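Those protein sequence lines, which keep their order, are chains A, B, C and D.
Counted from 1, the first sequence has number 1 at position 1 by the working numbering; the numbering is strictly sequential.
Counted from 1, the second sequence has number 45 at position 45 by the working numbering; the numbering is strictly sequential.
Counted from 1, the third sequence has number 91 at position 91 by the working numbering; the numbering is strictly sequential.
Counted from 1, the fourth sequence has number 511 at position 511 by the working numbering; the numbering is strictly sequential.
By construction, these hints were calculated from the structure, which means they are not laboratory data.
All values derive from a computational prediction rather than experimental measurement.
Keep in mind that a hint or two might mislead.
Here are a few chain A residues that face chain D, going by a calculated C-beta distance under 8 Å [stated by the list, open to error]:
{"#": "1", "residue": "G63"}
{"#": "2", "residue": "T78"}
{"#": "3", "residue": "K88"}
Covered stretches of chain A (in silico footprint by chain B; criterion: 3 or more residues with CB under 8 Å from a CB of chain B, positions within the stretch not fixed) [said to hold, decoys possible]:
{"#": "4", "stretch": "11 to 25"}
{"#": "5", "stretch": "31 to 44"}
{"#": "6", "stretch": "79 to 86"}
Derived pair list, reagent style BS3-like, types lysine-lysine, alpha-carbon separation capped at 25 Å [said to hold, decoys possible]:
{"#": "7", "chain 1": "D", "residue 1": "K468", "chain 2": "D", "residue 2": "K116"}
{"#": "8", "chain 1": "C", "residue 1": "K4", "chain 2": "C", "residue 2": "K59"}
{"#": "9", "chain 1": "A", "residue 1": "K3", "chain 2": "B", "residue 2": "K33"}
{"#": "10", "chain 1": "D", "residue 1": "K385", "chain 2": "D", "residue 2": "K468"}
{"#": "11", "chain 1": "A", "residue 1": "K3", "chain 2": "B", "residue 2": "K28"}
{"#": "12", "chain 1": "A", "residue 1": "K88", "chain 2": "C", "residue 2": "K59"}
{"#": "13", "chain 1": "D", "residue 1": "K385", "chain 2": "D", "residue 2": "K428"}
{"#": "14", "chain 1": "D", "residue 1": "K472", "chain 2": "D", "residue 2": "K116"}
{"#": "15", "chain 1": "D", "residue 1": "K116", "chain 2": "D", "residue 2": "K394"}
{"#": "16", "chain 1": "D", "residue 1": "K468", "chain 2": "D", "residue 2": "K450"}
{"#": "17", "chain 1": "C", "residue 1": "K4", "chain 2": "C", "residue 2": "K60"}
{"#": "18", "chain 1": "A", "residue 1": "K88", "chain 2": "C", "residue 2": "K60"}
{"#": "19", "chain 1": "D", "residue 1": "K472", "chain 2": "D", "residue 2": "K394"}
{"#": "20", "chain 1": "A", "residue 1": "K88", "chain 2": "D", "residue 2": "K468"}
{"#": "21", "chain 1": "D", "residue 1": "K394", "chain 2": "D", "residue 2": "K468"}
{"#": "22", "chain 1": "D", "residue 1": "K394", "chain 2": "D", "residue 2": "K450"}
{"#": "23", "chain 1": "D", "residue 1": "K116", "chain 2": "A", "residue 2": "K88"}
Every residue gets a Cβ at the ideal spot worked out from N, C-alpha and C, and that includes glycine.
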Amino acid sequence: MRKVIGLVLLIVVVAFVVYGVVALIHPFGYPSQSDMDDYIIDNAQNQTGSNNVVASVVFDYRGLDTLGEATILFTAVTGVLLLLRTLKHEEDRS
Amino acid sequence: MMESIPLNFPFLAAALLVGIALYIMLFKRNLIKLIMGVAMLASGVNLFIVALGYRAGGNAPIYTDVPPGPMVLSVPQALTLTSIVINVAVLALMLTMVVHIYRHTGDIDSEKSRKLRG
Amino acid sequence: MLSKIVRTVANQLMLFILIFGLYVIAHGHLTPGGGFQGGAVVVSGVVMLLVAFNAGELKKSLRERFLSIMESTGGLVFVVLAFAGLGTVFFYNFLVGSPIFGDIPIPGPNPGNLWTGGFIPLMNFAVGLKVVAGLSAVVLALALFTSGEEMEE
Amino acid sequence: MDFLTTNSPALIVALPLFAAFAIPLISRAGERTRNTFSLVIFGLISFLVAILAVNVHSVGIRVYTFGATAAQMALPHGYMVPVRIMFEVDGMSMFMGIIVTTVALAALIYSLQFMKGRTGQARFYSLMMLLYAGMMGLAFTGDMFNLFVFLEIASIAGAALAAYRTNMADAVEGGFKYIVISAVSALLVLFAIGILYAQYDVLSIAALAHFMQYTPLDMIALALLVGALVMKLAGVPLHMWAPDTYTVAPAGTTPMILAASYISMYALYRVTFTMYGGLINTTAIGWVVIIVGVLSMFVGVMMAVHQTDIKRMMAYHAVSQGGYMLLGVGVCLAVITDPAALASYGRDAMNGGIFHIINHVFYKALLFMTAEAIFFRIGTRDTNKMGGLARNMKWTAGFYIIGALAISGIPPFNGFASKLLIYESVLKFSPVLSVIAMFVSLVTLASFAKVFYSAFTGPPMPAYEGVKEVPKSMIVGMSILAVLIIFFGLFPGLIVDTIVAPATNALIDQASYINAVMGAVP
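Taking the hints into account, I'd like the entire structure generated from these sequences.
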């Protein structure tokens with residue numbers, strides 16, 4: 001019973017998403033708006049001195065995201081090493 | 001509207017990936033499959049975002065020896081890059097936890113471990 | 001541990017993987033690639049070594065403490081570079097126009113000049129260091145844990 | 001000083017990141033050095049938060065654009081859309097910032113002696129800093145994708161900390177559940193961001209709100225965002241993860257994970273009020289929020305009553321108290337288009353809902369800390385195995401009483417202040433809801449009283465004859481919160497005027513949030 005409800009719910013949600021994404025969004029290859037990206041493509045070379053516009057977005061225009069991303073990697077590595085540490089014997093109680 | 005559907009094939013693919021991933025996560029009991037579901041959801045979303053930025057006939061947005069013509073949007077590519085790395089991190093942590101769960105219960109079936117259901 | 005042929009070939013290949021990874025990192029502001037991608041290339045080499053040798057063997061040459069220090073250094077360099085822009089604004093690209101990586105490329109298509117990009121190449125290196133150390137540490141720790149060996153520290 | 005005021009939004013997030021990267025290196029110099037370093041950095045951050053709070057209170061919304069030629073330059077020269085990431089700090093962001101900073105400070109001090117002699121301390125503190133940075137970033141950011149990134153930082157750090165006690169199976173399972181829920185909700189948020197980006201080609205929240213046309217695609221994005229964030233904040237149909245995760249997280253981190261779920265609530269408010277404000281059918285959405293709130297209140301408290309694990313009981317109460325916040329805000333949303341009703345009780349309901357966040361985080365953090373203090377000394381969380389602890393753990397028992405009275409809404413404590421605001425205003429909206437809220441409060445009091453009698457009073461159990469009071473740093477951590485609870489309870493008017501009302505205004509006043517960024521558009 002629970003499975004049937006779940007399945008129906010899932011199908012409804014996915015149908016909505018597919019409909020929205022396929023029929024309502026701009027046709028593939030023709031973005032409806034591109035103001036922010038045009039600015040970046042036009043000015044990246046002058047403002048950041050980088051030929052690779054993606055690199056200039058990643059490190060300059062959206063540098064904080066990349067700091068966050070590097071932080072997430074650091075967090076995950078720290079977390080993995082924290083969880084895989086060797087416990088001391090007296091810690092086993094609590 | 002009709003003629004846009006074949007053009008929107010990449011979006012359809014992304015949405016279907018998301019749908020399949022949600023199905024896997026809701027109905028599979030194996031924890032490794034659950035993780036695969038999360039990875040698939042991530043791929044679907046990443047595919048969707050990177051497909052948004054494509055411009056018909058566009059070049060990669062890199063000026064080094066680029067042929068003339070329009071450039072595809074660059075921000076979605078940067079966002080996808082960020083989100084891929086984030087998902088690698090999440091998957092690493094999830095796998096570590098599953099290794100521990102396997103250590104404790106000797107099993108990776110979510111029905112058998114008491115806390116993972118409801 | 002696999003056979004001697006595999007181990008020798010893996011050892012030799014590692015050098016080339018390392019060079020390719022460094023190339024991808026160093027040219028991140030000119031060609032497709034960058035710190036994350038190059039770092040991942042190098043880590044794929046580490047995984048190859050892990051398959052060729054076993055985890056216990058690799059642990060001797062790739063110490064966890066070393067990896068941890070390397071990762072923290074990468075992160076610190078990144079943050080400090082961001083802090084260094086504080087003269088104007090946090091994350092300001094203060095190296096554009098300066099003597100270090102300061103050249104500005106000719107607008108439009110050009111053959112590419114390594115000495116451009118402001119702090120982008122430096123950040124690529126910092127991120128590359130971090131990714132190499134971080135992902136190797138994760139892979140190594142998981143391999144050691146599942147094979148029942150202890151990590152140091 | 002001027003430099004600090006200008007750059008404080010960036011420094012508040014960047015300093016903990018710096019500390020988190022540095023802690024593994026500094027730990028090599030010894031435990032004492034590391035603890036001092038963490039405390040010094042945290043003191044510095046608290047100072048910066050205070051500066052920024054004063055500044056935001058006097059100046060209004062602060063915009064900080066990363067990497068621009070000037071921090072206030074949200075738009076590039078002569079261009080009409082924002083390109084760079086920006087922080088946008090208004091009253092509501094600052095309100096969350098104050099909550100998170102206070103709780104994190106108490107948790108850090110509490111952890112100093114709790115963690116003594118355990119393995120993996122360097123990584124533990126590093127993750128605490130990262131969790132803090134993630135939450136502050138989420139509160140301050142004015143960019144949708146950046147919000148996703150900080151959401152992930154906070155949830156990964158939280159999950160790793162929740163699974164800290166790897167020798168216990170349920171700890172790892174609680175952490176796993178948390179990270180699966182967080183990953184799925186974050187990916188749904190990302191999907192919604194993609195849909196929004198496709199239509200407007202901007203990522204800044206203010207710019208999205210400015211261009212928002214509320215097309216069917218926007219509705220899909222709104223549904224995804226609301227679903228994902230309700231899952232993350234443990235609203236009732238999707239609350240299953242919360243008790244498991246809160247129960248197993250080690251001391252000091254439980255309050256922070258709790259705060260992290262209210263940061264998700266903040267993100268939900270930011271999306272519904274600021275981004276979609278004025279466009280959505282607020283009456284319908286308001287009723288949805290009210291229903292989720294009432295269900296959370298009721299289901300949470302009913303599940304809590306028969307728990308024997310003390311932290312699990314508190315975790316269900318956290319779900320239940322979350323309902324009060326949603327109830328208050330939902331009532332305001334339902335009447336937001338009706339100026340008369342808004343002035344007469346809508347704004348008060350909202351004030352109550354927002355005020356309840358800070359009150360709840362403080363007393364629930366205190367309660368979680370007392371539960372962990374008991375666990376620290378006797379090694380069990382089962383209330384049936386406790387008894388007579390008040391004799392030996394006087395401070396802990398005192399803090400428990402303060403927390404329990406505050407959560408049940410008894411007068412001199414802060415819970416009463418916000419609950420009274422909610423009762424009064426909801427009574428004017430719909431008396432039935434108000435009666436339900438009062439009933440839930442009574443049940444809460446009963447369930448905490450029951451635990452108090454079984455754990456602290458009665459004859460001392462022979463096994464706990466030699467139990468000592470917890471170490472000093474843990475008492476200091478708890479007393480910070482206890483003092484604040486009493487202070488907030490004694491001067492609720494002052495708190496509502498200085499920090500709660502600006503937060504409410506910031507949420508209702510969508511136009512000035514947009515203007516702070518888009519104001520320069522010709």
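The hints, checked one at a time:
Against a cut-off of 8 Å between C-beta atoms, the interface hint on G63(A) holds, since the closest Cβ of chain D lies about 6 Å away. The beta carbon of T78(A) comes within 5 Å of a beta carbon in chain D, closer than 8 Å, and the hint placing it at the interface holds. Restraint check, K88(A) versus chain D: the minimum CB separation of about 6 Å is within 8 Å; hint holds. For a cut-off of 8 Å, the count of residues in the stretch 11 to 25 of chain A with a CB near a CB of chain B stands at 8, and the three-residue condition holds.
Beta-carbon proximity to chain B at under 8 Å applies to 7 residues in the stretch 31 to 44 of chain A; the threshold of 3 is reached and the given coverage holds. Counting residues of the stretch 79 to 86 of chain A whose beta carbon lies closer than 8 Å to any beta carbon of chain B gives 4, which reaches the threshold of three, so the coverage claim holds. The hinted pair formed by K468(D) and K116(D) meets the criterion: a straight-line CA distance of about 16 Å does not exceed 25 Å. For the proposed pair K4(C) and K59(C), the alpha carbon gap of about 19 Å is at most 25 Å, so the pair holds.
As the CA atoms of K3(A) and K33(B) are separated by approximately 17 Å, the hinted pair is consistent with the 25 Å bound. Taking the CA atoms of K385(D) and K468(D), the gap is about 17 Å. The hint holds against a cut of 25 Å. Restraint check for K3(A) and K28(B): satisfied, since their Cα atoms lie roughly 11 Å apart, inside the 25 Å limit. Restraint check: the Cα-Cα separation between K88(A) and K59(C) comes to about 21 Å, which is no more than 25 Å; the hinted pair holds.
A distance of roughly 45 Å separates the Cα atoms of K385(D) and K428(D); the hinted pair therefore is violated under the 25 Å criterion. With a C-alpha separation of about 12 Å, the suggested pair K472(D) and K116(D) falls inside the 25 Å cut-off, and the hint holds. About 22 Å separates the Cα atoms of K116(D) and K394(D), which keeps this hinted pair within 25 Å; it holds. Straight-line distance between C-alpha atoms of K468(D) and K450(D) comes to about 23 Å, which keeps the hinted pair within the 25 Å bound.
Proposed proximity of K4(C) and K60(C) is supported: the alpha carbons are some 18 Å apart, at most 25 Å. Restraint check for K88(A) and K60(C): satisfied, since their Cα atoms lie roughly 23 Å apart, inside the 25 Å limit. Proposed proximity of K472(D) and K394(D) is supported: the alpha carbons are some 13 Å apart, at most 25 Å. For the suggested pair K88(A) and K468(D), the alpha carbons sit about 23 Å apart, so the restraint of at most 25 Å is met.
Taken as a hint, the K394(D) and K468(D) pair is honoured in the structure, with Cα atoms around 10 Å apart against an allowance of 25 Å. At roughly 18 Å between alpha-carbon atoms, K394(D) and K450(D) fall within 25 Å of each other, so this suggested pair holds. Note on K116(D) and K88(A): the hinted pairing holds, with a Cα-Cα distance of about 13 Å set against a maximum of 25 Å.
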